[in-house]
Structures are given as C-alpha cells and as structure tokens.
Amino acid sequence: MTSKGIVEGWDRAQMAQRAALDIQDGAYVNLGIGIPEMVAGFVPAGREVIYHTENGLLGMGPTPEPGQENQELINAGKKPVTAISGACYFHHADSFMMIRGRHIDVCVLGAMQVSKDGDLANWSTGAPDAIPAVGGAMDLVAGVKTIYVITQHITKKGDSKIVENCTYPLTGKGVVNRIYTNLAVIDVNQDGLMLRELAPGITLEFVKEKTDATLNIHPDLR
Amino acid sequence: MTSKGIVEGWDRAQMAQRAALDIQDGAYVNLGIGIPEMVAGFVPAGREVIYHTENGLLGMGPTPEPGQENQELINAGKKPVTAISGACYFHHADSFMMIRGRHIDVCVLGAMQVSKDGDLANWSTGAPDAIPAVGGAMDLVAGVKTIYVITQHITKKGDSKIVENCTYPLTGKGVVNRIYTNLAVIDVNQDGLMLRELAPGITLEFVKEKTDATLNIHPDLR
Amino acid sequence: MIDKQINSVAQAVADIKDGSTIMIGGFGEAGSPIELIHALIDQGAKNLTVVSNNTGSGHVGLAALINNKQVSKMICSFPKSANSKVFPELYKKGQIELELVPQGTLAERIRAGGAGIPAFYTATSVNTTLAEGKEIREFDGQIYVMEHGIKADYSLVKCKAGDRYGNLIYNKTARNFGPIMCTAAETSIVQAEKLLELGAIDPEHVVTPGIFVKRLIIVPNPAAESQLVSEDRRYP
Amino acid sequence: MIDKQINSVAQAVADIKDGSTIMIGGFGEAGSPIELIHALIDQGAKNLTVVSNNTGSGHVGLAALINNKQVSKMICSFPKSANSKVFPELYKKGQIELELVPQGTLAERIRAGGAGIPAFYTATSVNTTLAEGKEIREFDGQIYVMEHGIKADYSLVKCKAGDRYGNLIYNKTARNFGPIMCTAAETSIVQAEKLLELGAIDPEHVVTPGIFVKRLIIVPNPAAESQLVSEDRRYP
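Heads up: the sequence lines are chains L, G, R and E, in that order. Counting from 1, one number per residue, gives the positions in the first sequence under the numbering used here. Counting from 1, one number per residue, gives the positions in the second sequence under the numbering used here. Counting from 1, one number per residue, gives the positions in the third sequence under the numbering used here. Counting from 1, one number per residue, gives the positions in the fourth sequence under the numbering used here.
Extracted from the complex, chain L is given alone in its bound form:
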C-alpha cells in the first residue's frame, strides 16, 4: 500500500513529458488546466504544434515574461499567455466550431475518474453543496478527435481513479482514448482498458492492485 505523500512512478512533469511524445507534428491541440498545460513544454524538438485555447486563440504561445502580462491575452484558465507568429483571434462561437466540428486533433484533460469504457468524470463531485461548473469540458470531449487524460492513478485518499464505472457525474461517455497516470499508460479501446506501459520501478502487479477496473495487458507491454 502506498503511503500518502510518496510520489510513485512518474512525477507531474514526467507524466506531461510522456504524453507529449504522443503529440504529432502539425497537430492542433487543446490543453486543459493543470498537468495538461505542462505538455506543451515537452513536445519533442522538430514537431510544430498549434495550441488552441477555447476562449478565442489559435496559436497560443508560452507564458509571458514577468511584466509582459496582458489581461486581455489569456488562456482558458484565465492566466496570461502569448500568441505565436501566425496566431489568430476569434469569438467564442467560432472557437467552439473548431471543437464541436472535430477540427481539433487532440485534447489533453485532467480527470476525477475514467471508466473502462472511456467514460470521463472531471467536472463535478455531484456533492449537493458544490457549485457546479462545467466550462468547456463537455464540448471538448464531445468534439475533439482524440482525448488524452493525464491524472494521478489514485486519489489522495487512496481510491483508484481508473474504475469499472464512474460514480461521479459524467463529462462524456466513451470519450477517452488514452490515460497517462503516474504509474502507467493505458489505452481505452473496444474491449476495455489495455495496459501499454509501466512507469519506471512500477510492477504490473502494483498497477493491477491500484486499479479498480479490469486491465488487459498489451503483448508489447513496456
């Protein structure tokens, strides 16, 4: 059993780095708040990737230098960003045309739970006193061609975030394509979950123990 506070397998940056390997040259990518945002920093050299932020910018660049922030140039997390050469601005309806119309190639999101069928819960605990807030999460999972999830494998309480069926309210049903956790890389396909890679020092048995869903094991498991 994991002790709380001890990092197992990949750390946050390493999870982002691993996911970044799967971002192809020329891809149009939307990155969620948190660890997903870090992916941009790790895309391998030689790949040109265009970042979309749903509040109206295609060609989002890195965080500005201190003092260069502009409160009218922000990302979906409302943090100051920059625009690359070749960027463009547009209004919200045009921005979500890109999402809903399946023009964005990849979206990387955080998760509260992912089910064996690729159901994603990442917007609400469903607690009666919580303020529900969905933002663009449901639009992204419904419209983007490929959905990657980056998440800790287990919660701070020790519960598996990879589950047979989500208990939290869904963001979308059957939408996740691949999960990057601190312990493993897991694909979601027709037959359920397929374990593809283990983080350094993590055993298959350990991942199985920490996963509340059936895992198929890829023949080329690394």
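Read the hints as simulated data drawn from the structure, not as lab findings. Treat the hints with care, as some may be off.
Simulated crosslink set (DMTMM-like; lysine to aspartate or glutamate; CA at most 20 Å straight-line) [stated by the list, open to error]:
hint : chain 1 : residue 1 : chain 2 : residue 2
1    : E       : Lys46     : E       : Glu35
2    : E       : Lys134    : R       : Glu135
3    : R       : Lys160    : R       : Glu35
4    : R       : Lys85     : L       : Asp129
Among chain R residues calculated to face chain E with C-beta under 8 Å, some are [to be verified]:
hint : residue
5    : Gly116
6    : Ala119
7    : Phe120
8    : Tyr121
9    : Ala123
10   : Phe139
11   : Asp140
12   : Tyr144
13   : Ile169
14   : Ala200
15   : Glu204
16   : His205
Glycine included, each C-beta is placed from N, C-alpha and C at the ideal position.
Fit chains G, R and E to the supplied structure of chain L, relying on the hints for placement.
What follows is chains G, R and E alone, placed relative to chain L:
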C-alpha cells in the same frame, strides 16, 4: 381597359421614388433586383440609410464609374457596386444571420403575385420546364422586419398581380407589409388589403377593376 | 444621420427594466464591461436574468451586480473562479438560480439567438446530467441533444474601438463573447475605449458590423477588474 | 513543421475520388476557384455532388465541370444566371439532379456542417414547396422547418492571400462562401493569389484560421471568369 404598352400612373422611377419616402433615417435596407434597386437613388436628403447586400457587404454604395468596376465587389444581382466609408465585408453565414435574425429593417422586392393576406410569389412560375432558382428571396421574406413590394399592378398580359390567393409557388406566406404599384400604394394588414394612395390620374374605380382581390379603402385615401 | 454614441454610461442603461434578460460579455475579466455593469448597479433594475460565462470576481463588476441582489438567475458555464465569492454564497443559500450550460453550447445558443435559429442539435452533454429533460435525437447513428437559441433584451459588451455606425473591433482574447452577444440582444450596449472616424476600420477588419450595435459609449480608460479585486474594492 | 502549400493545382486535387461531395466557393465569378476547378476537369473524377451557390457561366469553370459530365447532382440556391447555359440544358434533359436550397439556408447548412451541428430549425421556406417533406415544428408560436448540416469530402476555395499555416484573408465580396466551406470539408483546398510570411496577417484580421485549411496552392494571376466567357473560351 388599358392598352398594352401605355404606362398608367407612376412609371418605374416614380414607384421607386414613392417607396423611398417610406425608408426611414438610420434604416438597414436590402433592395432586390430591378425596380427595388432604384429606391436607393430616391431616399430623401438628410436620411442616412445603410444598404445590405446578402453576398457579404453592409454599406453598399452606388454603381462605380465606368472603368472602376471590380468583379470582386458586386451586389446580389452580381453587378459591380461600391462600398461606402464605414462599410464591412463578411461571409455568407454571417450575412444571413443579419437577415434570418431580424436585424435588417426593410427589404424591397419585386413580385409576380401578392395575395390579400400578404403571401408573396416572386421566385418561380411553377412551370414544369422552368429551372427553379430561389436565391435569397425566401430568407429575406422570412427574416426581414418589414417587406415592401414594388411591382406593376398588372402583368403584360393584363392579369392582376394583386390576387385573392397566389397561384404561383409561394416565396413566403403572410410576409408582405406594403405594395407599391404603378397605380396605387396598398397596405397589407390583419383585415386584408388596404388602399392608401392612388397614383396621379388613377381613379379608385380603375384600381378596383384592375385588382383581383378585395380592397379596403383607407379613410384618408389620397 | 446615424450616430449610435451615447453620452454617459448612465444614459446607456437607463431604460433597462426589472425582469430583463441581459447578456454580459467577458471571459473572466477579459472583455468584461465593468463600467456598464456599475452603471446598471446605480440604475437598480432588479430580478434580472444574466447570461455570462462566469459570475465575476471579488466585489466589483458582475459580482457586485449579483451582490446587490439584482440578479435572480444566472445562465453560465463556469460560475466559480479563483476570486468568485458572491455567487457561490448566494447559490448555497438558494437565493439565486443557476442554469449551467456547457461553454460551447452557451456560445452556440447565443449565436443561434442572433441568427434566428430557435433550436439546434449538438453532441455536447449527451449522456450527462446536463442533458436531462432535454430532447435526445439520433442523426446518422450518433446521439445529439436539442438546445434552444437564447435572446436577450440587452447585451453589455466591451470592445477596443468603434465608429458612429457601431462597427467594432476588439482586443485579443477579450473578443470572446462580445460579437455574438451583440447579435442576440434586442438592444446591444457597447463600451469602447476609443471612437474612430467612419472608414478608419478597414471594411475587411470589422469584427462586429454596426447593424448589431444599438448604443456605443466611449470609456477611454476602463478599470481592470483584477486590479480592483486585488485592492479589495467594492461597488457601489 | 506545418506547411500546407502544394506545388501544383493538379497535385492539390489529385486524390479526389468518383462520387465525392465537393463544395465550390464563389458567388457568380467572385470567389470562384477557376484554376482548381479546371484541375478537377483534367483530373476527371465523376459522379460528383457539387455544393455551390450557382452553376457557372459560359463554358469555363464550374459550367465546364458540369459540361464535362462530372457532376451528377448540384446543391445550390440559384442555378441560372445571365450566362448560365450548361446546367439548364442538362437539367431539362434530366441529366443532372438539383437540390434547390434557399441561399441563407444553404449558408447555414454549410456552417452547421463545419460546426458539428447535424440539424437546426429555420423559418425560411416554411409554407413553400421547398419545405415539402421536411420536418415542421413550432417554437414559441412560430413555425420552423428542420434543415440538416452539410459536410463535404473536399472544398475548393479561392482567396486573396494565405500563410503556411493556412490562415487566409479574402478580397471584398469574393469572401462569400469561402470561409464556411473551408470549415465543412474533410479536405479544404484553397487557391490564394499570394503567399504571406507567417505573422504578416495581423492575428485580429485572419478570416479563415489555418485549422480549417488542408492544402494551399498559390495561383498568382487567376483567370477572370467573365473575361473568359466574353471571349467564349472553353475548357478543356
């Protein structure tokens, strides 16, 4: 009975001029092909009117000087036009947002028939060998706040274009607000047709005779 | 002559009645028409339905309007933000209603309202609690939910500059909901930092055509919401 | 590296298969991608469904494509124009199918196709023969007809200039259907008069964001359809 070829009442320019009196200062106006196009030339001085052409221009100006034509600056009739200072270009979906969303104040159209209920037929004779072509006519009558029709009162064959019920395929049902013919100005309201004005030298009896629909007579008929 | 300029923010919002539906532009503080919102607080209209992506920060702007008990219902996608305190408090007390709408569906519903589209279908929110009670329908083997266009009595929008016809340009990601909200309101009220001569905006570069703008008020140096919040300012 | 440039119009249309649905930009000759259409004639794909506002003039461009018997169905709003001879002739002989769509409905259906909207409601064409067989529905006491989004395998579009990301700007009313057709095709193929350096188009002025463009071909001096028609030119 009218002899063919003899102009009765208002001529084409006078019909356009009469209609132009009803275009208010500040109005956004779409003008159909033919006599309606002439309305712009007669709007009384001191009124500023913005012309919309559905192929993507708000702020359409007059025909360019000979030699100044640009085949990429045309109106809905595909004729060269100009753009006024303060104009803007936009794509077709945005252009028809203005129409369908009830943002255009007035549209002036030609007609083959107008019924007592304000039904308009102006796009097809319904003849089996005709090439049907509708363009933006159905969008305009469905979306523009006020629809004016300018038309000869009778066809070249001598048939009334103002009818109890249209026999040609409809462009829209109950859409016309006012009709300017060479003989008269007629409103369409809840109770049917209301004769408002007679062209100079035209008698009430003559108009009644030339109209295949019941005409109510406005108490202030001029 | 067409001149959509209004001389004061007070005059711009003077006729807003109790019970109106009001769209308020902005994504967080970017594009938030803070001076127009404050004028609406001074004006005092109550029982408002507000359509806006968020619910404001601290105790200024939209948060202050809510705090002043002028808003009975919010239609938005993300009612909690880093410094959002007022709405969560009233919501937990049951003193304000919330219609939660996915952000892209919210944008498309507003655009539909402006485009004369009463309803459309989208895959967004299918199989989630936000689709409950809505019509579900299959097209080409995929499931969609029907969503309705939204119209408003007024919209309050901020932009960079405009001309007397109401043609507008925006600044960077502050464009966000402004252009579509201008289209969907019976009366769109826009604050611009600068008035431009007619023709100063290239006809190819106009973002909001003047036809969608009813009133334009020049506010040369609009307050920055984050600045006011960091100073813990309150309005009124 | 992202570079959407293609070296020849032939290469740009090389993979278009028989039976494809193709959107072709332009309102009359304004915005008509005549070089791309001629390349498609050389390429020879047959049994095409073409979505375009008109059916071309004389015996060049879209009219020549139709004349070459490559088009089995037209979806358009105005199939006859001043110099339109080819389509009317084939249509009267029953050799080409026509789906007539009101212009604004056509534009909105294309935009819906690009926006992931399978269907929407509009008041346009209600109570006319063009609404026959379509679903009719009441919202707030008004009657609407349901219309479906249209997608295409390819779109052929002409614009003024573009950069290697595929960001585009257009010229005046030649913009018309280009921007929405780029969004609604699996593969959008654009001819531009000029290639611009990345960043040369102000991010505030981009009309078609590069994400909607797959292939860009520079055609510096495109032919003017009306000129060719007046010279009674034919293609091929």
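Verification of the supplied hints:
| no. | hint | result |
| --- | --- | --- |
| 1 | Lys46(E) - Glu35(E) | 18 Å, holds |
| 2 | Lys134(E) - Glu135(R) | 19 Å, holds |
| 3 | Lys160(R) - Glu35(R) | 14 Å, holds |
| 4 | Lys85(R) - Asp129(L) | 14 Å, holds |
| 5 | Gly116 | 7 Å, holds |
| 6 | Ala119 | 5 Å, holds |
| 7 | Phe120 | 4 Å, holds |
| 8 | Tyr121 | 5 Å, holds |
| 9 | Ala123 | 7 Å, holds |
| 10 | Phe139 | 4 Å, holds |
| 11 | Asp140 | 7 Å, holds |
| 12 | Tyr144 | 6 Å, holds |
| 13 | Ile169 | 7 Å, holds |
| 14 | Ala200 | 14 Å, violated |
| 15 | Glu204 | 7 Å, holds |
| 16 | His205 | 5 Å, holds |
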